[in-house]
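With chain D held as given, fit chain H onto it using these hints.
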Amino acid sequence: MFGREALSFSTCFVQSLATLFLSQLMASSLNPCTTNITYRCMELNLSGVPDEIPPSTQNLDLSFNPLESLTSNYFSAVPALRFLDLTRCHIQTIEDYAFEDLPNLLTLILTANPLWHLGPKAFYSLTSLQKLVAVEDNISSLADLPIGHLHTLQELNVATNNVDSLKLPKYFSNLTFLRFLSLQSNKISSISIGDLDVLQGEKGLNLTLVLSSNDIKYIQPGSFEGIHLHELSLRACFENTNVMKACIQGLAGLQVHRLVLGEFRNIQRVEDFSNGLLDGLCLVQLQEFVFICFKRFNNGTDTLFDCLGNTSTVRLVDLYLDQVSAVPTASRIHQLECKTCKFSEVPALKLSSFKELRLLRITKSKYLTGFQQKFVDLDNLEVLDLSENRLSFIKCCSFHLGGTPKLKHLNLSFNSIISVSGGLPLHELVSLDFQHSKLDNLGTVPVFVSLGKLIYLDISYTNTHVESQYVFCGLASLQVLKMAGNSFKDNNLGDSFKNLTQLLTLDVSSCKVIQVSLSTFSSLGKLQTLNISHNKLLTFDHPAYKPLQALTVLDFSSNQLTVLTENAQESLPSSLVHLDLSYNLFICSCNHLSFLKWAQEHGELLRSTELMVCISPEHLKNASVLNFDLSSCQLSAVLVAVYVGTALAGAVFLFLIYKYYFNLYYGLVLLSGCRRYADRGDTYDAFVIHSSKDIEWVRKELVETLERGVPPFHLCLHYRDFTPGVPIASNIIHEGFLSSRKVIAVISNHFMESKWCSFEFEIAQSWQFMEGRAGIILIVLEEVDKVLLRRKLGLSRYLKRNTYLEWKDREISRHLFWRQLRTALLDAGKWSRE
Amino acid sequence: MKMLNAAILILVLFYPSLSTEWPTHTVCKENNLEIYYKSCDPVQDFALSIDGCSNILTNTFNIRAAMVLRQNIKELSMDINLIINGKSILAYSQKLCEPNSRRFIFCGKKKGEHIYYEGPVTLGIHEIPQGEYTVSVRLYNGDHLTVACADFTIKNK
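Residue numbers (UniProt numbering), protein chains in the order written: chain D, 1 to 834; chain H, 1 to 157.
So that you can see chain D by itself, here it is in the shape it has in the complex:
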């Protein structure tokens, strides 16, 4: 045991330091300019005010510390105190001037200290004290409390002590601001004439006097004569019905604003509510009567309201009251409230006897299921609240509420099933609340047609499926429509709100909406608040929201937006001050850079920004949209330069390769060591067959380009290379075909007309056949005459079967022509080598 206490002490010490440090830290982080004013030192085994606490401290909690006794000037180190908690500090003695130097103290809590010595000047200099709590302090008499000089005192709590008399000492006449005096759970057994003399006249007009849980046996009639009180609470004071009845009669002459009678759930002593129990109230003037926690109503309650004729407000709370019996005809009750009572049926007929009724509440009664009676002739009823019961009824409400022509506020929320039909003939109705009651029939037929003055309508979570666009017809004045948790036809808001031109607030959250029509909001030009959160909207269709020019608050959270497009950003109403886009499915990629940038620039417009998180890409999942690094989307200049440079170099390289393809090829061929001329004895690269009339072209184009270009080809031309003196045919064979690797035939109309050409071509064909290699390259020089071509059948067939080159006098065509020709000439050489 000793070891544990030693350990605990060191823990406390550390804890106290930590507490002080932490609290200081918190204060300085809140506002670096003000020093800390609140210190909580609860249960730290302190035996005095700790030295660490600065003089500027205003709130000090020293509860559960063993202070033992308060000597004079005990709190001189903390003169600025306004709140001091000394709960359970084992204080037995408070010496004179213990609270000297605390002129600002407003609240002093002395709960649960075994006080046995209080110096007569113990509370001196508490010149501002407003609240003194002396609960469980072993006080046996109010006269023992030296508090007569506390002129500013407003609240005195002496509950759970041993005070045995209500005799208020003379000093109470000094406490002119006293508003609350609790003597609950003391030992007061009787109240006599003279006990409350100091309150005579109007001195107690603002005073709440709590005498609950005293075992009062007797109240002398006349004790309260001429006393005005604000409130008198007498719960669980009487041991049986007779004592209660007699004591209430003892209240005769009292004028009180509110009287609280009854018991507690766990203290039920009065056997029965017998007739006449409250008869004494006939001699009490009261505005409000509260009857609370009373269980036993076996003998009927015929007299419950007998003496409440002049009371304007009656509250029946937590009573086992299952019916309303007789009601006096001349009742002037304006407000009647039954909370947690045992009614099984709304006692509408009986309650209709309260002709002056303006407000009626029957709430939180779990046995209340039926509503079959009607209210009759309640001409003044303005507020009817039947919320939080288990009501289940049909044909609401033309039958039930036909007799309440002035009804302005109707609350049927949190009930079971209500079937609305036949319209609501409540022309004066201003607010109507059905939330969380299951509504039948709403959504298909217009039932609000006659509610032209309705301003507030709540049908949230009523299982309503809006099928018709006329559901809200007739609600010309409606300003607030709350219909969260319902559904719409095709999950589209459609034209449901087209008549609600005065609407200021609309809540359609959790309605499974996937689409908003272009005309949905067209008549909502005055709308200021729109909650469309918790739906399934994929996009913000900005043209649909265009009519909402007065919108200040838009809650679009918990939808499926991936981005707010630039058009949508621009079309947001200029009046908007609050936009909630949290819990959407934002994609934080550079494709949506404009949105991400916009979001970061409009931090003051957006709400719950910490919940505006990215859903993708994976590495940014659950990161805040506002923390997205915009610079990650901007490429650096160096990188761009490198990219461009590389691309240019690549392009130049490819161009060079293209341009010098043949040079390279030729070089490669030479390098490979293949000496064609020497190896194979071919003198020429190609023998050119052409008509002598095309010699101009051959000389200027063919010879010029092939023999002077790179690689240099060597052509065999009859006018140049044939040996003179040798027959032409021999020349053709020897010089032409046998010395050349290739044959180039220049086809033209002249070619076809020339016999030599035909001869040469035929030989070439047979030579090609004999040698077994593709040696003939055809060049079609000009548009060939079809008739001539057909006549030269062999040539025509050859042209059909083989590819040939066509000469066209255009730059690009020429370029391609020469490339093809060169390739053909080179390629054949290679082919022949293999």
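It is worth saying that the hints were derived from the structure and are not from the lab. Take these hints with a grain of salt, some might be off.
Stated by the list, open to error - In silico PhoX-like links for lysine-lysine, alpha-carbon gap of 20 Å or less: (1) Lys95(H) x Lys339(D); (2) Lys342(D) x Lys95(H); (3) Lys339(D) x Lys295(D).
Stated by the list, open to error - A few chain D residues that face chain H, going by a derived Cβ cut-off under 8 Å, partial list only: (4) Arg88; (5) Glu136; (6) Ser213; (7) Lys217.
All C-beta atoms in this analysis are idealised placements derived from N, C-alpha and C, irrespective of residue type, glycine included.
Same frame as chain D, but now just chain H:
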């Protein structure tokens, strides 16, 4: 029986309040029903007794409970959890005190005040399930600060 209750009460109230691990108290020990409890509030233990264990099987039984408040209970709510094999099977929640309707006499009490509750409790169930299980009860105030917390171990054979 009453002597025993008083003894438990005194023992618990004067138990050094600096410990964090509280002892297990016995509420009932009869032939086929055993109920123990242990405070799970690190700040304090509390005293509880039931007048006659067999009454638990009837609908309503009287309990006595005592403790010193560490928090104000202007508002007071109660969470009850039935735990079998470490899994919460059933949860029940109820508001005991509301600022405007003080149903119980302890409602509205402040930090440091002593609560002694003596009164009937209705479980609302007609029989106690067989087997061994834990019922965790937590009372908390309007600021969600723990007012009292206890784990009951019930063995019903």
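Right, here's what the structure says about each hint:
no.: 1; hint: Lys95(H) x Lys339(D); verdict: holds, 15 Å
no.: 2; hint: Lys342(D) x Lys95(H); verdict: holds, 19 Å
no.: 3; hint: Lys339(D) x Lys295(D); verdict: holds, 14 Å
no.: 4; hint: Arg88; verdict: holds, 5 Å
no.: 5; hint: Glu136; verdict: holds, 6 Å
no.: 6; hint: Ser213; verdict: holds, 6 Å
no.: 7; hint: Lys217; verdict: violated, 19 Å
Violated hints amount to a single one, hint 7; each of the other numbered hints is respected by the structure.
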